[in-house]
Every structure is written in C-alpha cells, then in structure tokens.
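Participant: Top line first, the protein sequences correspond to chains L, C, P and H. Under my numbering, think of the first position of the first sequence as 3, with each following residue one higher. Under my numbering, think of the first position of the second sequence as 6, with each following residue one higher. Under my numbering, think of the first position of the third sequence as -14, with each following residue one higher. Under my numbering, think of the first position of the fourth sequence as -11, with each following residue one higher.
There may be inaccurate statements among the hints.
[Claimed, not checked] Selected chain H positions facing chain P (in silico; Cβ < 8 Å):
| # | residue |
| --- | --- |
| 1 | Leu132 |
| 2 | Leu221 |
| 3 | His257 |
| 4 | Tyr261 |
| 5 | Trp308 |
| 6 | Ile309 |
| 7 | Asn321 |
The set of hints was computed from the structure by calculation and includes no laboratory data. Small disclaimer: the values here were computed from a predicted structure and weren't measured. Note that the Cβ used here is the ideal one computed from N, Cα and C, for glycine as well.
Residue-level listing of the chains:
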Amino acid sequence: MSWILPPSASTFASDIDFLYYVILWITGIAFVIVEVGLVVFIVKYRARPGRKAEYIQGSTKAEVIWTAIPAVTVVVIGLMSGGVWNDVKGRNSVPAGAIPYGVHAQQFEWQISYRGPDGQLGTGDDFTVRNQLHIPVNQPVVMRLTAEDVIHSLFIPAFRVKQDAMPGMTIDVWFEATQVGEFEIACAELCGIGHTTMGATVTVHTADDYQRWLADRVAAADR
Amino acid sequence: MAHPAMMHPPARREIGADVYNEKLGIWIFLGSEVMFFTALIGAYIIVRFGSPEFWALPNQILNVPVTAINTFLLICSSVTMVKAFASIQDGDQKKLQLYMVATVIIGAAFVGVQAYEYTTLVHEGFLPSGYAAGSHLAELAARGELPASVSVYGSSFYTMTGFHGFHVSMGVVCMVFVTWKAFKGKYTKEDHRGVEVIGLYWHFVDLVWIILFTIVYLV
Amino acid sequence: MSEGQSHAHPNYWAVWVYLLVLTVVELGVAFLPWSKQVLLLTLLAMAIWKALLVALFFMHLKWEGNRMRIFAIAPLPLTVIIVLAVLTEYVW
Amino acid sequence: MATTALPLEKTTHATHEMSFVRKYIFSTDHKIIGIQFLLMSFVFLLFGGLMAMMMRWQLGFPDQPLPAGQLLPETMAPGGFLLPEFYNSLVTMHGTIMVFFAIMPLLVGVFGNFLIPLKIGAPDMAFPRLNMASFWIALTAGILIMAGFFVEGGAAGAGWTSYAPLSASPEWTGVVGGQQLWLVSLAVVGLASILGATNYITTVVNLRAPGMTWFRLPLSIWALFVTAILVLLAIPILSGAAIMLFFDQTIGTHFFDPTDGGQPLMWQHLFWYFGHPEVYILILPAMGFVSDIIANASRKPVFGYHSMVYALISIAFLGWIVWGHHMFMSGMNPTLGMAFMMSTMIIAVPSAIKVFNWMGTMWRGNIMFHVPMLHSVAFVSMFVIGGLSGVFMASPPVDIYFHDTYFIVAHLHYVLFGGSLFAIFGAVTFWYPKMFGKLMNPLLGKIHFWLTFVFYNLTFFPMHNLGVGGHMRRIYDPSQYEFLQPLAPLNTFITVSALLLFAAQIPFAVNFIMSWFNGEEAGENPWNDNGLEWIVPSPAPHGNFAEVPIVYRGPYEFSSPLVEEDFLPQTRKLDSDTEPAAASAAE
Ligand code: HEA
Ligand code: HEA
Ligand code: CUA
Ligand SMILES: [Cu+2]
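Only chain L is shown next, with the shape it has when bound in the complex (with noise of 0.2 Å):
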C-alpha cells in the first residue's frame, strides 16, 4: 500500500512525478476538508429530542466562497499540467537529434526496428529483434510506433512513458533514459487473448556499450 510512485529512470518523470505530488497534496487536503467535516456534521448534528433544524436556505457568500477557491485550484493545475505535457507530448515536443527507432505492435509482440549502418530508419539496412529495445543512457531517443493489426499501448513504467500505437497511424514518442540497467515494457491497452503476456524489456546502455551491441548485431544480420 504505496503512494510513492515507483523509482523512476527518465528525464521527465521527475516533472511528472511532481505534478503527481502537487495533485495528491491538494485533493489529499479536499479530501480531509470533506471526510472531517462530514464527521464532526454527523456527530455534531445528530437527532436530539426536542431539537429542530435551524430553517437555512443557503448562504451565497458561502457559495462563493467554494466554488472560487475549487475553480482557481483546478485552473493552476491545468496551467501546470499543460506546460508539462507540451514538453512531453506536444507536437514539437521530439528533442532534435533524437536517435529513432521502429516500433512495430502486433499480436503479441513488439517488432523494433534499429537503423542500420547507412544511419537512415526504413531502409534496407535495418535490423529488427522482437521485445528487446536498446538503448543508450543519456541521449533523447524517439519511437516511431505503429500497429499491425489492432490497438496496442506501449508502456514502460520506469520512464512515465505510454502511448497508445494505432494502426494506420505512426505516432513518435520520445524520452531520455537517465540510468543504466535493464526496465520492462508492458501493453496497456487490451488487444486480445494475448494482451496479458505482451512484454518485453528495454536495455538502457552505456554510450560505448551501445555502440559494441549495436556493432554486434549490424554484424549478425550481415552474416
């Protein structure tokens, strides 16, 4: 029973992470306003003989009272929310530079697709390995994902990433993984018998790590 969000290994899951604190301070705070106060009514108020209601109808500064204060509330975490998102999602959120990769979702797997040695993605020269995405640390990398058959989501908790892949669509997710180590990847969103079993994992290399696996396997698929 957690409400720490699980350890974290991207460049934008801390602001992520943060907005997720901010929200839970203040609807923790609504929430204890509300609970305490249905509480004390409850005891406070109870039915005693020979007692009646006080006769109130309303009270509009009350009114406004709670609706301002709820309304301004609402509307910074949108202003926070929204400058977030833009840098995660938005249309020109992708950092220049970012390195592609393929990302293909179908019935029960993810096909990755790497650049080749001519350093293009979707030529002839790229190699693809199922479920295993790698990586280099440090470095904003960007999933071209796209759908074979029906709606899958790419997930991968440890870098606050998701993204719905939709076929006949190619959607670019970026991030920037922060440590070293290997991180599961999930399929969020329901796309049949095999949904549950959709894994794989992500490999987050060092830079010179990542140059030698890659150098492998450019040599693999020659041979």
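Since chain L is already given, all that's left is putting chains C, P and H with the ligands on it; use the hints.
Facilitator: Positioned in the frame of chain L, the structure of chains C, P and H with the ligands alone reads:
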C-alpha cells in the same frame, strides 16, 4: 378526474411547453434523431477528410439525375403532407384523405426509386465494402478512370442513405395507419394530433435528406 | 396548434417552388468548375437554407412559441461541437 | 374548450377489471414498470457481481482453480482455470452489464419511472404504452447480451469500450457472434432508453401539477430530467457508432478499418462523445436522490437549492466537451488534449458546489440516521474520493502513467459503486415503502450498510495503490510481469475483500425479499417528507392521486418556522398561500 395537463388543447399555463404531449414528444424524439444522424455524418466527415482519395466525383458512380428526381419526390411529399395538415385544420376531411394518400404514394415511390438505385449500383459493382471484384466499376478503376478503392465511400454512402431510407419506410408505414384513420374520420378540426405528429416526423426526414443529398451526392 | 383557426395558412406551394428552385440551382452549381472549397461552402449554405425553409414553414417553427423552439434547436450546438472537434484532427 | 379524453383516462378507471397479466406483466402503470425494471436490474447486478467474483479470483489466486469452476464448460475454464479469452469476456460483460443493465436501469428506469409522475403530481407518464414498450425492449436487449455466453466463440471480449479494430473482426478477438450480439444489444437497449427519455422529458415538461413550477421541483426530479436529456442526446451517438461497427463486422463496410481508408480513432471519438455524458447519466440521478434524502434526514432545506440546480445543469453541459480525456494516449492531436484537459478540470467546480452544499445541508441540522441517510452520507464521502482521483487523470501528464491502470479501475468503482450504487441502496430503502407498502427492516439495513461500506473500501481503495505501482487493467495474470510481483499480496487482499463484499449483499437481498412479505406496514408518510408521493397511500394506487394536487411551495420546507412540525408538505395550504395561476386556469 381530468388532469389539467391531460386536456386538449391545453390552456395557456405557467406549466408546460404550451403544446400537447404528442407534439412535444415527437419534437423531443427528433432531437435524438438529430444526434443519430450526427453520428453518421460525423463519421462521414472523419473518413472523408482522412481519406479523400477514396471518393469519386459526383455523377461518376452515383446517379445524380435519378436522385434529383427522388429529391423532387420527397419535397413534393412534404408539401402534400403539410397540405393534408392544413386541410384538417380547416376541417376538410376529403382533402385530408386526398393529400394523405398522395403523401403515402409519393413516399413509397421514393423508397422504390431508392431500391432501384441500390440494385443498379450493386449490379454495376458498387458495394458497401467497395468495388465488387470483376465488376464493371472495378474495371474502370483498374483503368484509372475511378479511384483505386472506394471502400469507405461505399460504406458511408450505403449507411447514411440506407438509414435515411429506413426512416422513410417507417414513416410510410405509420402514414398508412394515419391515412386509414383519416378514412375512418377519426381526425377532426379540433383534434388531429396524429396528422400533425406524423407530419413533423415526415418533414424532419425530408430535412435530413436535403442535407444528405448535398453532402453525399453533390460535394 | 391552437393557431389553426386563427391565422390563414401560409402559402405552402410557394415554399415548395422555392425549394425546387433551390434544388435545381444546387444541381447546376455542383457541376461548375469552381474550386472545391467554394463549391463545398456554397452547396452547404444552400442545403442549410433549404433545411431551414422546411423547419420554419413545413414544421411550423416560425409560428411556435419560444419554449417549443428551444426544444427544436437544443441539440444543434452538440452537433457542432463534435464536428469541430474531429475536424481539428485534420486542420492542425 | 374541447376536452377530448386520452386513452389513459380509460385505463385509469378500469383498474378492477384488469387481468393479472395486464396489471403486472404488460402493465402501463409507471409504478409497476418501475418495479419491473427494479427486479430486472437486480438480476443483472447479481450477474455482474458474479462475473466480478470470477475475475477477482483469477487475479487474487492465479494458480488455484476457481471454486466450482469445474462446472464451467471447457471453452471457458478447463479444470477451473479461466482461459484468457474467457477473462476478456468477463471484463467486457462485467463492465457492460453493470453500466447498461444494472446501474443505468436502476437509476433511470426504476426511479425515473417510479418517481417522476408521483413527485410532480401526474397520474401517469405522458405515454404509458411507450413506457411499457421501453421495459420489454430493455429486457430483450439484456437477454441478447447474455446470450453471448452461449454462442460459439463466447461473449464479447473487447472491453466495455469495444475499441476498434479489435472489436471489428473475429480475427483479432477470437469472438464470433458474441461481439455482434453485444452491438445489437446495445443498439436495442439504446432504443429503450431513448423512448424512456422522450417520455420522461415530456412528462416533466407538460404534466406537472398546478403550482409545481420549475424551481419547486425536487432535486431528484431535476436530476432525472437533466439525465433524460443526456440520455436522449447521447445514446443515439452510441447507436450510430454501434451500427457502423456492426456493419464493419457483417456487411464488410470499412469505417474502422485502417487498411482500407477507415479510422479506428473515430470509434473512440464517437464512443466517448457518448461515453462521458453516459457516466454523468450514471451519477446525476444518484446526486438527486441523495439531495432529497439528506434534506429529509437533516430536517433542513437543501443548502443553496438554486445553485444545486445550476450545478446539475452545468455538469451536464460540461460533460459534452470533455470526452477527449479518455483519449490522451490515443494519438489524438495533443493540442486538442489541452482543451479537453481544461474543460475536464472545470467540472470539478460544479461538483464541488454539490459536495459542499450537501455538507451545508447537514450543517446545523437535526440529523436522523435512517438507513437511506447512511447510504447518502456514504455516497458523498465516496463520490469525493472518486472525483478527486479523477483530477489526477484529468492532468494529461499524470495520465500518461495512470491511463489503463488500476488507478482508473479504482476511480470508476468509486464513482460508480461508491457513488451510484450507494445512492441506489439508499433510494431503494427510502422509496421501498411507496413501492410495496412495507418498510425495509432497519437492523438488516444497517448490517448491510456497514458490511458493504467496510468491505467496499477494503476492495477498491487499494486499487489506487495497484495503479500507483503501474498495474495495468484488463490483464488476467499480473504475475507475468516482474514489476507487478510485489503487488501480488495486495491483489489477494483485494480479492478476499471482494468476496466478503459480495457476501455482504446477502442481508440486502434477504431484507428486500422478506420485507415485501412481512415487513412493517409503512403508512402514508413514514419519513415525514414533503414530496407529493407521500400524500398518497402506500403502495401508491393506480392513477396515483385521487384529485389533482395543488402545490404551494418547494419540497424542502423542513423545520420551517411557519409550522409546529418539522416538515411542511408541498400540498399543505397555509393561510398565506394563494392558488397558483394554473389551478384557476384549469377550472
Ligand atoms: C459515475 C461515473 C463517473 C463520474 C461522475 C466521473 C467523474 C470524473 N471523471 Fe471519470 N471515469 C468514469 C466514470 C466517472 N467519472 C469511468 C467509468 C471511467 C473509465 C472508463 C474506461 O476507460 O473504462 C472514467 C475515466 C476517467 C478518465 C480517463 C482515464 C483514463 O482512461 O486514462 C478521466 C480523465 O480525465 C476521468 C476524469 C473524471 C473527472 C475529472 C471527473 C469529475 O467529474 C469529478 C469531479 C468531482 C470532484 C473533483 C470531487 C468533488 C470536489 C471537491 C471536493 C472540491 C475540491 C476539489 C478540487 C480543488 C480538485 N475519468
Ligand atoms: C456500476 C458499475 C460497477 C459495479 C457495481 C462493479 C462492481 C465490482 N467490480 Fe467492476 N467494473 C465496472 C463497473 C462496475 N463494477 C466497469 C465499467 C469496469 C471496466 C470494464 C472494462 O475494463 O471493460 C469494471 C472492471 C472491474 C475490474 C477490472 C478488471 C480488469 O481490468 O481486468 C475489476 C477487478 O477487480 C472489477 C471488480 C469489481 C468488483 C469486485 C465489484 C463488486 O463490487 C461486486 C459486488 C457485487 C454486487 C454489487 C452484486 C450484489 C447483488 C445484489 C445487491 C443483488 C441483490 C438481489 C436482489 C435483491 C434480488 N471491476
Ligand atoms: Cu498489445 Cu495489449
Ligand atoms: Cu469521462
């Protein structure tokens, strides 16, 4: 016990919409019809903007002259319908019957023409799923005289006009019933709710057609 | 409907002719060599004009009380909302 | 002035001669129809609950066979272990049944029918026969959708949201006829809802008793009225979408087929354009009942009646422009996402008005804790939790993480069970006397309430934490993922609580059935309420009112200084009252 709101026609009161239940009811129901056609037309807009290359030019596949005649029919039936209503407002039973019969016949003719249109189109190879394999139209498409595929064009064409046709048919069925009652003299100068209610429905269906004719056949 | 006896019937035949004329014009315009956008807007405007004629005269909205008219136009904003929203997918 | 009697008049007078079938089966009496809807929805609630239990078992004990699971056929659970495709069917059918065949008919079908004519002072609905048709159409739809379990390929399995293209072809789901039955059923039940809504709106607009002005309507009726408008305008969108999807499956159209010009995203736009108004359909009536009950129990007027009405209307309107918040991750235009975020946030404002006005109603009251009130207080406190969790997801960046996790599952059960279902339990207990003439047993009622309240929270509150841990929804075996393994004990805990929650419904079922036969006689006005329904005998007779009631004031005149008692019925004429204009016009 005559509940005041149950009386007809209602007195002008602070309560109510100043119209009798059936008329209010049909207007409300038409609201839901508007939303139903909004869903269909909305879908049409999405696929049309998303895949404009699937659309043939007006008159390439669809037969605009025939449909123009059908539009003409439907507009005529609307005017006969409203004349029927006007007649019974004046208490003229004979004219009510005459105009009702005319409306039923023209309405049925519309459905007939549409059935003819559908059979011709299917015959030429235009299906809800696109071209029929090996059909005349498919050949034209292969020669580049028509879009390579018309799948979503066919889908929206048949769905939109089909549901409109279904509404017309239901209208005709109901109108047969109203006509039958008209011949039995059930409507009077004071109480002719059935005529007005079916009329509202009928004009609405006409109105939808006016929109559909433009967006499906002409643009 | 209480208006029945009191006011003379509008000239339905005139509306009919009006509608037919508009339809013929529409048919003519549809095949003019104008740009697609202009054609679309002109034809839509004419269709809406015709629809309005039907609603106002045949469906008697012109003579209904305001309470009734509210019911008639209530759903229209909602149709506009969805159409505008889905259009943004293509125009942005 | 001509007074042509409507057919209704005839039926009102023919009460005694009616056969059993006409009176209780093919009845046109709004009260009987309401009760028919009540029984039907309870059966579906039970079905939905049973499906939830099976799902929960699988999630909590993935390596143990379902108890009595051997009774299920091989195609569903060989050896008692659920197949993944059966799990998908269970999720789908659980969601669909609960939404369309349990909660929606309970709120709208039952209480819309039962309360509207009684509370506005009308003898029946505007169109009684249409009303009857609406029930039978709904029941047909229910049977159609359940039939999915018995056809080849099993029941629909693409989630209650039925996203295309998964739902568009058996190739993707393995489901053949079930998916089509699902679509047909929803189109059919949609027709029933539209007919019902037409009826409700006409009735509220046209059949109010003299003096029952708009701002004297009880909030329950306001809520039902606004809901009916939402039903009327939202359901046809679903029908249209369902029909197109049905055509995609059957006659080969390509609306949602991306390989041939179609657009899968379009399904989501249409579904949620219907879907978000739909979730407000599932909460607004509950808000209305709770307002009535809280005022009654607090013996105080509703705090800020007018703003309650305006808040209702604004929630309903805003509900039309927020649908995109379900689609933040769908690939929809991100700029559009921003607009949807802002509108979604704004909905918190009218919701806050409602919550605080309920609290204001209790403030300085003289609160009786009858069972309906317990449920109503639970409603307020649970709705707040559900609403506040909605704010997390309304923030698109946070939704990146939470979308399609158990955080959403927690949210939706807090608003739908904690909100709507608690209000329904309260409302059933509150109006039971008017339906059956008997009171429900308060002791059993309290037992049911406390057990439900406790186990409900133990079941659904931890789901937030599952979501925080990243637990995806609609997966049948979380042990597949390493990062979910630490959550397994929590899943087991939830399952145990869910089973106990289910068991906690037994006192309610017993109470509901037993009180019918030997409950305490209720009398006309057991709760000392002001509404019009309480001036007629219990159960309310055919035709409702012996004479047309005349209304002099709003429904919430509790503890009014004008009278000795702490309530003042809407129809009681004080010396200072004048006849409403309509009453004289009707002479
Ligand atoms: C009765 C049903 C109901 C209700 C009332 C709501 C109410 C709300 N819902 Fe919920 N929702 C659902 C049913 C409902 N929802 C369902 C079924 C789904 C899942 C569908 C699926 O995918 O299967 C869903 C999903 C859902 C999503 C999509 C999540 C996702 O899939 O990623 C979002 C996102 O924005 C959302 C938001 C909200 C908001 C902001 C409200 C607001 O209306 C809540 C407003 C209320 C409050 C905020 C509390 C009271 C206010 C105060 C105490 C004042 C103080 C507050 C502040 C200062 C913030 N809901
Ligand atoms: C109103 C709606 C409602 C209600 C009440 C419930 C009730 C319950 N729901 Fe669910 N649920 C949904 C609506 C609802 N649900 C929806 C919309 C989804 C999403 C579906 C999707 O993803 O497509 C969902 C999904 C969902 C999931 C997620 C599955 C997944 O994603 O893999 C889970 C998992 O635990 C779950 C569990 C439960 C449980 C344990 C209950 C328990 O509370 C059940 C308790 C039992 C009862 C309430 C029945 C009691 C019976 C009576 C009271 C009858 C009395 C009879 C007489 C008087 C004659 N539900
Ligand atoms: Cu792919 Cu779920
Ligand atoms: Cu929503």
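Participant: Take the hints in turn and mark each one as holding or not.
Facilitator: Hint by hint, here is what the structure shows:
no., hint, in the structure
1, Leu132, "violated (28 Å)"
2, Leu221, "holds (6 Å)"
3, His257, "holds (6 Å)"
4, Tyr261, "holds (5 Å)"
5, Trp308, "holds (6 Å)"
6, Ile309, "holds (6 Å)"
7, Asn321, "holds (6 Å)"
Consistency with the previously given hints fails for number 1 only.
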